[in-house]
Amino acid sequence: MIITRDLLGINGLPAEEFQWNFTTLPYSYAPDSDHDGYPDPLDDFPNDPTEWIDTDSDGIGDNSDDDDDGDGMPDKWEKRYGLNPLLDDAEEDLDGDGYSNIEEYREGTDPKDPSSHPGAINWVLWAAVLIVVTIVAVVAMVALARRKEHERGWE
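The sequence shown runs 1 to 155 under my numbering.
Just so you know, these hints were derived from the structure itself, not from any lab. Please note that a few of the clues may not be correct.
Okay, the calculated beta carbon distance ranges per label pair [claimed, not checked]: (1) D44 x T134: 24 to 34 Å; (2) E107 x Y29: 21 to 31 Å; (3) D113 x S57: 28 to 38 Å; (4) G37 x S57: 17 to 27 Å.
Please read these numbers as outputs of a predicted model, since none were measured by experiment. C-beta: ideal position from N, C-alpha, C; glycine also.
Given the sequences, and given the hints that come with them, work out the whole structure.
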């Protein structure tokens with residue numbers, strides 16, 4: 001509500017004339033049962049002062065929900081990689097490597113780096129396994145050779 005009184009006539013109104021302007025905002029007088037600052041008609045949880053919105057409509061308020069948009073990727077992970085935690089962007093491909101954001105999340109790869117994709121991590125894993133198997137085989141062969149050499153010494 002705006003009430004102005006211009007005694008000097010500066011605003012174009014004759015002196016001593018009042019200007020009345022009443023503005024009512026939507027829901028400004030609606031009840032707020034949980035006193036969280038959100039009127040009940042706009043509050044998804046009108047009886048819970050710790051929650052007021054449920055973006056993905058899963059029945060868990062965004063403050064308690066670790067996946068506000070319900071796309072299968074945690075909000076912290078989405079924020080870390082510059083994705084929108086309030087928009088279902090699971091099937092998008094941020095880095096254009098042919099793997100969706102949800103695939104990158106599940107495989108633990110970087111959705112912003114085209115060289116980091118689920119296939120790449122498998123090659124690294126296979127290389128590591130091959131190296132370990134090779135080392136174990138070499139150690140076993142050396143141990144076997146020493147054992148045979150030691151047995152010959154007893155003959």
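Violated hints, by number in ascending order, as checked against the structure: Per hint list: 1 and 2 violated.
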